[in-house]
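One-letter residues, chain by chain:
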Amino acid sequence: MRVLVIEDDRETAHFLQRSLRESGHNADVAGDGETGLAMARDGGYEVLIVDRMLPLRDGLSIVQTLRAEGTRTPVLILSALGEVDDRVKGLRAGGDDYLTKPYQYTELLVRIEALARRPAPEQQETRYAVGDLVLDRLSHKVVRAGEPIVLQPREFRLLEYLMKHAGQVVTRTMLLENVWDYHFDPQTNVIDVHISRLRSKIDKSFAKPLLHTVRGAGYMIRDGSD
Amino acid sequence: MTALTRLLLSTPFRLALIYMGAFILAAGVTVGFIAWRANELLTTSVVETLRAEVVGLREQYQAGGPARLSAIIAERAADPGSSLYLLIDSAGQRAAGNLRQVPPELMDGEQRGVFTYVPQSGPTQGKPRVAVGVQIDVPGGLTLVVGRDIEDLRRFAWTMGRLGLWSVIILSALGIGGGLLVSRSVLRRIESVNETTRSIMSGDLSRRIPLNGSGDELDRLAESLNAMLARIEELMRALREVSDNIAHDLKTPLNRLRNRAEAALRSSAGPAVYRDGLMKTIEEADELIKTFNSLLLIARLEGGAVAESMERLNPASIIADVAELYEPVADEAGLTLSVSAEPGLALTANRELVSQAVANLVDNAIKYSPNGRLHGANGAEVAAPVSIVLKRVDGAIEIAVGDRGPGVAPQDRQRALQRFVRLEKSRSRPGSGLGLSLVAAVARLHGGSIRLEDNGPGLRAVLNLPIGGPNPALAAAGHGREH
Numbered sequence: 002m003r004v005l006v007i008e009d010d011r012e013t014a015h016f017l018q019r020s021l022r023e024s025g026h027n028a029d030v031a032g033d034g035e036t037g038l039a040m041a042r043d044g045g046y047e048v049l050i051v052d053r054m055l056p057l058r059d060g061l062s063i064v065q066t067l068r069a070e071g072t073r074t075p076v077l078i079l080s081a082l083g084e085v086d087d088r089v090k091g092l093r094a095g096g097d098d099y100l101t102k103p104y105q106y107t108e109l110l111v112r113i114e115a116l117a118r119r120p121a122p123e124q125q126e127t128r129y130a131v132g133d134l135v136l137d138r139l140s141h142k143v144v145r146a147g148e149p150i151v152l153q154p155r156e157f158r159l160l161e162y163l164m165k166h167a168g169q170v171v172t173r174t175m176l177l178e179n180v181w182d183y184h185f186d187p188q189t190n191v192i193d194v195h196i197s198r199l200r201s202k203i204d205k206s207f208a209k210p211l212l213h214t215v216r217g218a219g220y221m222i223r224d225g226s227d
Numbered sequence: 014m015t016a017l018t019r020l021l022l023s024t025p026f027r028l029a030l031i032y033m034g035a036f037i038l039a040a041g042v043t044v045g046f047i048a049w050r051a052n053e054l055l056t057t058s059v060v061e062t063l064r065a066e067v068v069g070l071r072e073q074y075q076a077g078g079p080a081r082l083s084a085i086i087a088e089r090a091a092d093p094g095s096s097l098y099l100l101i102d103s104a105g106q107r108a109a110g111n112l113r114q115v116p117p118e119l120m121d122g123e124q125r126g127v128f129t130y131v132p133q134s135g136p137t138q139g140k141p142r143v144a145v146g147v148q149i150d151v152p153g154g155l156t157l158v159v160g161r162d163i164e165d166l167r168r169f170a171w172t173m174g175r176l177g178l179w180s181v182i183i184l185s186a187l188g189i190g191g192g193l194l195v196s197r198s199v200l201r202r203i204e205s206v207n208e209t210t211r212s213i214m215s216g217d218l219s220r221r222i223p224l225n226g227s228g229d230e231l232d233r234l235a236e237s238l239n240a241m242l243a244r245i246e247e248l249m250r251a252l253r254e255v256s257d258n259i260a261h262d263l264k265t266p267l268n269r270l271r272n273r274a275e276a277a278l279r280s281s282a283g284p285a286v287y288r289d290g291l292m293k294t295i296e297e298a299d300e301l302i303k304t305f306n307s308l309l310l311i312a313r314l315e316g317g318a319v320a321e322s323m324e325r326l327n328p329a330s331i332i333a334d335v336a337e338l339y340e341p342v343a344d345e346a347g348l349t350l351s352v353s354a355e356p357g358l359a360l361t362a363n364r365e366l367v368s369q370a371v372a373n374l375v376d377n378a379i380k381y382s383p384n385g386r387l388h389g390a391n392g393a394e395v396a397a398p399v400s401i402v403l404k405r406v407d408g409a410i411e412i413a414v415g416d417r418g419p420g421v422a423p424q425d426r427q428r429a430l431q432r433f434v435r436l437e438k439s440r441s442r443p444g445s446g447l448g449l450s451l452v453a454a455v456a457r458l459h460g461g462s463i464r465l466e467d468n469g470p471g472l473r474a475v476l477n478l479p480i481g482g483p484n485p486a487l488a489a490a491g492h493g494r495e496h
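Chains A and B are the protein sequences, given in the same order. Residues in the first sequence are numbered consecutively from 2, following this note's numbering. Residues in the second sequence are numbered consecutively from 14, following this note's numbering.
Simulated from the structure, these hints should not be mistaken for lab results. Please note: incorrect hints may appear among the correct ones.
Unchecked claim - One side of the interface only, derived from the structure: several residues of chain A facing chain B at Cβ under 8 Å: (1) W181; (2) D186; (3) R198.
Everything numeric in this text was worked out from a predicted model, so none of it was measured. Don't be surprised by glycine CBs; every beta carbon is placed ideally from N, CA and C.
Taking the hints into account, I'd like the entire structure generated from these sequences.
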């Protein structure tokens, strides 16, 4: 995956570049807003990582300009400003995701991989299947190996989100943001407990587990055979 | 710049002056026009009268010849009054009348108009006076001049004119004087604002603009400025407090982090120890970041920075969502989480922040609840409850989160809401000590409050939020009075 990192702090930029290369991605770095915008325009990148505060041109303006020109490349906005209003501004400007500094590298990696694979809205499927687990988004029914599974509404949304990103790591923060629409840190490991409940419903009485814990990162649902 | 030039340059004075100028100009034009028209009318009417008289005299001449005309003129000229006559015979000699000669002004052109003459008798004998007259030729070579003395009228008009001029002068003087007085009082009040501003700029943030209590627009302006100053002072104070806290309370964990890294580096036990040291360093850094984020959030809340993102929402759904988030955790800790909400309530608030506040309270309640089971009245074990109760109290809603834990002693309750205060000495349970102060900041941002109560046994934290959301103006004014 080709990634463009627009970040003015050299050390952060090089840390990201090196880490992304280690993760098997091809990362370029732009040190200021104007260079970043020029590279984003004609670089053919799959994901842009844009810092909010940049010399010459700020991050939000880059995203706005790209969107106004019709560029649909997914953008992850990085910012030291992390309050509710800043996040709303970032997403309104056309950003697809927003991550507050300081962040864990795994969190960033998982998010840009999710962004790059995100299907366009019109292509969203009405039915997800992982192994013998099937979730029907229209009838709100979940079936594993032909057996219906009864889920609470929130458990359904949790599973829906995990299955939408099947084969990808999903972090706790991503779950909290997308399933609960909370952007704060609830201190206790609430997500882990929800996951373990969900796991007991979809995995417990079956031989092959589908919902996996990825140490130090989050969770992933996938058919164990791949 | 002297006080006088400042006064003369002041806006109210300049306005008064412009107003006065316009007034005088308008008055002058009006009076001038009236005077001109009056003069015209007067002269015309006198000329008309004279004409009528001339017609009469001509008839007398036709009836009685020159002798009769001469006699009548002599008779009329003898009457005291303003009428003037002169009859010149064909030889060019004065035949009758009270004028000495044909006035030179009537000799040419239209032979009528204004002329001056010198009366030969009467109280004003010898002094030139003004009159209006016509000169006509009477058949038989006679010349007749008939006139009217208008000196008195002229004099009256002059007097009126002077009177008008004086009244304009007096009015102007009064206007300028009034303008000066008004400007001075306005200027003095504005000067007091300036003076206060200067002293605030030089560092004394506690100064306020004095009010004169009249409630006029300047007073209202001063009131708004004072409210703004109070807010600024409050923000400055909050900022100072935050930086003090950061300096004081983040140094300890930073130092711990440094020590850990140093210890790992000094050890010669090999990669495993390094690795362990680095992992712990990252963990420590993550904790620091969390604390730092909470601190920043509290500071921003106290700065009122997110006040604009309030919306109308249903508080019951907020607590239902938070309860749903924590229910599995409570269940795992052997607690029951009960929710009771008054239906049909609405609240103007920031959903995210109120959710976070309630989440913090529930998190605390779960954290401090006794593990496992309580002993019921009959000795049977019952689950320790954590309760969330939502109800309406006057113009506010109250969200009460209660537990059956050790509670907080009455004398410690206020302190527990402060930053970094953790009441248990051992600090064995996780947490930064910012949870409750974050709740307090959220409450303040919404114009509400947080209080801790005895839950008999246990602790009940009650979050009080006004239904209509915060009223920034009132809140700021309230702060102003406190200081």
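Going down the list of hints, with the structure as the test:
1. W181: holds, 6 Å
2. D186: holds, 6 Å
3. R198: Constraint on A:R198 satisfied, holds at 5 Å.
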